[in-house]
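If you read the sequences in order, they're chains A and B. Going left to right, the first sequence walks through residues 3 to 210 as this note's numbering numbers them. Going left to right, the second sequence walks through residues 866 to 1337 as this note's numbering numbers them.
Treat each hint with caution, since some may be false.
Residues of chain A placed beyond 10 Å of chain B at every Cβ, according to the derived structure [what the hints assert, rightly or not]:
1) Arg92
2) Arg140
3) Gly173
4) Asp176
5) Ala186
6) Glu191
7) Arg198
8) Trp200
Example chain A residues on the side facing chain B (calculated, C-beta under 7 Å, incomplete) [claimed, not checked]:
9) Asp24
10) Pro28
11) Leu162
12) Leu165
Simulated from the structure, these hints should not be mistaken for lab results. Just so it is clear, CB atoms sit at the ideal spot from N, CA and C, and this is done for glycine as well.
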Amino acid sequence: MDRLVLLESTALPFPVDNVDTDVITPIRRILEGLPSMVEHAFEPLRFAADGSLNPACALNDPRWKDAGILLAGRNFGCGSSRETAVWAVRGMGFRCVIAPSFGDIFRSNCFKNGVVAIVLAAEQVTALVEEARAGTKRFRVDVERCEVTAPGGRTFAFELSPLRREALLEGLDDLALTLRRSAAIEHFEDVDRVRRPWVYLASGRVAD
Amino acid sequence: MNAPKPRTMFDKVWNDHVVERLDESTDLVHIDRHLLHDLSGPFSMKSLDEQDLACLRPELTFAFPDHGVSTSPERYGDAAGGGPLLDLFRHYCTKFGVHLFDLDSEEQGIVHVSAPELGLALPGLTIVCGDSHTSTQGGLGALAWGIGNTEVTQVLATQALVLDRPRTLRVWIDGALAAAVTAKDLALALIARDGADAGSGYAVEFAGSCIETLPVEGRMTLCNLALEMGARFAFTAADEATFAWLQGRRYAPGGDDWARAVSNWRTLASDAGAAFDREVAFDAAALAPQITWGTSPAHTVAVDARIPDPASAPDAEARQSWTDALAYMGLRAGEPLDGVAVQHVFIGSCTNSRLSDLVEAARVVRGRKVAAGVRAWVVAGSRRVQREAAALGIDRVFRDAGFDWREPGCSMCIAMNGDAVPSGERAVSTSNRNFVGRQGPGARTHLASPATAAAAAISGCVRDPRTVASRE
């Protein structure tokens, strides 16, 4: 996984509530592959029915075309567990999403892909959105200190578990961490197999 | 000696599965059952293969093609009947030694319908699947939740996950459901009241007198929809009804193991006095059948209510969201939903495709005809549900009324398998998501119970099922 220590970038204000992962990556675009998923990300919002870009959608606004931070609404990434939604958000250039709340699976998927999903209080997100709309100065997301700083200097602390923070800072992934603990997993199963034998099915027990 | 501290069901099951505490809020958790489907499965298995890793516990891993498969009765002789990803899925299941309940299996079905039927979901198990609605299986007292592709690959390789421990929320529901009011209506009403992110960050336990009397399949429907209120984990405690539902199923414990398992399962319910991070209550007694009017499951009203006016929305964001939703849905604020013309009725999906759902819809349909201009489908959740329904003569009830009786799969809920609602047309659907474009680009979805969907099919419009006399 790519490291993420400090991000200095413009922030795109997109405070729409309940943006679901079906909207972020519609199923037919998933089946077309990664380039299409990114190109058509947020398709029902970014594109008109005839396929032309919707100029009213902030995600299409050229002022924020280089933004690395997405300021989102409540329950961002709710719905389907499809990790494609995170791939599309990252593919659009965002390494950080800030929202009052997230779909839990989307948020978990973000951390597996080097995207920091930050929860702030609704009024803090609103303050950031207002500042982002006022100009396109750079925001600062400091993963080491767990702080977001707006261009005007206001700083908000965010919560990140020590493990998630470490993983971002060092570029570690869960799989490598877990593979190093394979002996502990085996030991767990040996003990548990005695306690709950019905859990551990024999291989090839039933032919279908 | 001090009495032991009362514990929640979540804490008991979670702690039973902790391999190692990684930091104050993160655990390495063992996974007892890993379920795969044909949309998320093949890519995660490909990733496993590319990293030169093997499947650690193929005997605890089971595969169900459901998302992309055709539901046409013609699918069995058709090379394309398995959908876009099934060949790749078969390839990797063979390679990694994972049992696949393929299209020709008598147990094929939607993963969240078939796995419980097979006894793969049991109380106290940790169950994951690359599908958000895995929480469905929490209705059997399991800890079951949806995961992303990277996590699927990790579980294949290690049978464990690195997880942030969620907080606990108990939703206490008292009151008996009235006639023609179901678990679906209860869930939609709860989401409407508390919001689509009310469960975000929480593991939700449903409890109370309503849950105790709710049939096991209704508990699964409720836990299925908990995801639409933001809860990744949702469950009910297992009880005698759960044990009766499970006994004798293919992978349920047999012989001496059964009694041993049941005595373990009885210890898992939340202790009296256990502390939850949050508690809310809901009264189910006065509940009417519910239906969605917008593009979020939280956009729900009673089926006999009027379409809400954005002017009465609680804040500016909601006002905009309601206005956009009404425009997408082609509806006008203030008008009754009852009587809004419908072109499609879909009875199916992991939410509402079990035998009890079909029985409930058949009570409304029996002896009546699908209205002109309506395409009405029943897509049973599994081959087993199909067989059990046929044994009760329910397939005939639907066929005689003019319904299509389809083969099991996710069908119109996901719209990646040839089954979709055309743009601008309206469906009453027993599925779980009314998101923009979910049932096809431009499709207009109203979520409702099987009884309400059946009432729409025979009426040609949204209709209160309580106004259609039920027939046994």
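**Report entry** Exclusion check [Ala186 of chain A not at the chain B interface, CB over 10 Å]
**Finding:** violated, 5 Å
Report task. Have a go at the Asp24 of chain A hint: is there a Cβ in chain B nearer than 7 Å to its own Cβ? Result -> holds, 5 Å
Query raised in the report: Is the hint on Leu165 of chain A kept, meaning its closest Cβ partner in chain B is under 7 Å away?
Result: holds, 5 Å
Query raised in the report: Glu191 of chain A: least C-beta distance to chain B exceeds 10 Å?
Result: violated, 7 Å
Report task. Hey, is Arg92 of chain A genuinely clear of chain B, shortest beta carbon separation above 10 Å? Result -> Answer for Arg92 of chain A: holds, closest chain B Cβ roughly 13 Å.
Report task. Beyond 10 Å from every chain B Cβ: check whether that's true for Arg140 of chain A. Result -> holds, 26 Å
**Report entry** Assertion that Gly173 of chain A lies farther than 10 Å from chain B (Cβ)
**Finding:** holds, 14 Å
Report task. Please verify that hint: Pro28 of chain A, Cβ, nearest Cβ of chain B, below 7 Å or not. Result -> Given a least distance of 6 Å, the restraint on Pro28 of chain A holds.
Query - Leu162 of chain A as chain B interface residue, shortest Cβ-Cβ below 7 Å - result: Violated, about 10 Å.
Report task. Confirm or reject the statement that Arg198 of chain A sits farther than 10 Å, beta carbon to beta carbon, from all of chain B. Result -> violated, 7 Å
Query raised in the report: Since Asp176 of chain A was said not to touch the interface, does its Cβ keep a gap of more than 10 Å from each Cβ of chain B?
Result: Asp176 of chain A not clear of chain B: closest Cβ-Cβ about 4 Å, inside 10 Å.
Query raised in the report: Would you say Trp200 of chain A is clear of chain B, with no C-beta pair closer than or equal to 10 Å?
Result: Trp200 of chain A is in fact no farther than 10 Å from some Cβ atom of chain B, at 4 Å.
In this structure, the earlier hints numbered 4, 5, 6, 7, 8, 11 are contradicted, and the remaining ones agree with it.
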